[in-house]
Amino acid sequence: MGLFRLVALGTAGAIAYKLWKDRQARDASAAPAYDRGDVTPPHGDPLIGAATASWEPEPATPAAQSSRGFGES
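Residue 162 in our numbering is what sits at position 59 of the sequence shown, and the numbering runs on without skipping anything.
Think of the hints as simulated: they come from the structure by calculation, not from any bench. Values in this document were obtained by computation on a predicted structure and should not be read as measured data. Glycine included, C-beta positions come from ideal geometry on N, C-alpha and C. A few of these clues could be false.
Computed Cβ-Cβ distance ranges for the label pairs, DEER-style [said to hold, decoys possible]: (1) Asp-125 / Glu-159: 53 to 59 Å; (2) His-146 / Gly-105: 53 to 59 Å; (3) Met-104 / Arg-129: 36 to 42 Å; (4) Gly-113 / Gly-147: 45 to 51 Å; (5) Asp-130 / Phe-107: 31 to 37 Å; (6) Gln-127 / Leu-106: 30 to 36 Å; (7) Tyr-120 / Ala-166: 50 to 56 Å; (8) Thr-164 / Ala-119: 54 to 60 Å; (9) His-146 / Leu-106: 55 to 61 Å; (10) Pro-162 / Ala-119: 58 to 64 Å; (11) Arg-108 / Asp-130: 29 to 35 Å; (12) Lys-121 / Ala-166: 56 to 62 Å; (13) Ile-118 / His-146: 41 to 47 Å; (14) Phe-107 / Ala-128: 31 to 37 Å.
Full structure from sequences and hints, please.
Rendered as structure tokens:
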């Protein structure tokens, strides 16, 4: 009984996989494969090259460790 169940599940899995791959191929051929560029507007920080020439990074400042028990044995 256990071997029959294993073979049946394997067969069902193989059939489901083949149907899934066929559906992916069919859906991929119907959808356009190019990016129109109008879905999401540009977002995020501007590029460094686009920034002004006076841009300088902020100076590093020392900070205390805020983790409780840091460095204790």
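Status of each hint after checking the structure:
A hinted range of 53 to 59 Å holds for the C-beta pair Asp-125 and Glu-159, which are about 58 Å apart. Distance hint check: the CB atoms of His-146 and Gly-105 are about 55 Å apart, consistent with the given range 53 to 59 Å. Restraint check, Met-104 to Arg-129: a C-beta distance of roughly 38 Å satisfies the suggested window 36 to 42 Å. Look at Gly-113 against Gly-147: about 47 Å separates their beta carbons, and that is inside 45 to 51 Å.
Checked against the hint of 31 to 37 Å, the C-beta distance between Asp-130 and Phe-107 comes to roughly 35 Å, which is consistent with it. Range check, Gln-127 to Leu-106: Cβ separation about 32 Å, and the 30 to 36 Å hint holds. About 54 Å separates the C-beta atoms of Tyr-120 and Ala-166, a value consistent with the hinted range of 50 to 56 Å. Between Thr-164 and Ala-119 the Cβ separation comes to about 58 Å, which falls inside the hinted range of 54 to 60 Å.
Checking the proposed 55 to 61 Å range against His-146 and Leu-106 shows it holds: the Cβ atoms sit about 56 Å from each other. At roughly 60 Å, the beta-carbon separation of Pro-162 and Ala-119 lies within the given 58 to 64 Å, and the hint holds. Checked against the hint of 29 to 35 Å, the pair Arg-108 and Asp-130 passes, with Cβ atoms roughly 32 Å apart. Between Lys-121 and Ala-166 the C-beta distance comes to about 58 Å, which sits within the given range of 56 to 62 Å.
Against the hinted window of 41 to 47 Å, the Cβ-Cβ separation of Ile-118 and His-146 comes to about 44 Å, which satisfies the hint. Between Phe-107 and Ala-128 the CB atoms are about 32 Å apart, so this pair conforms to the stated range of 31 to 37 Å.
This entry satisfies every hint, going by the numbered hints stated previously.
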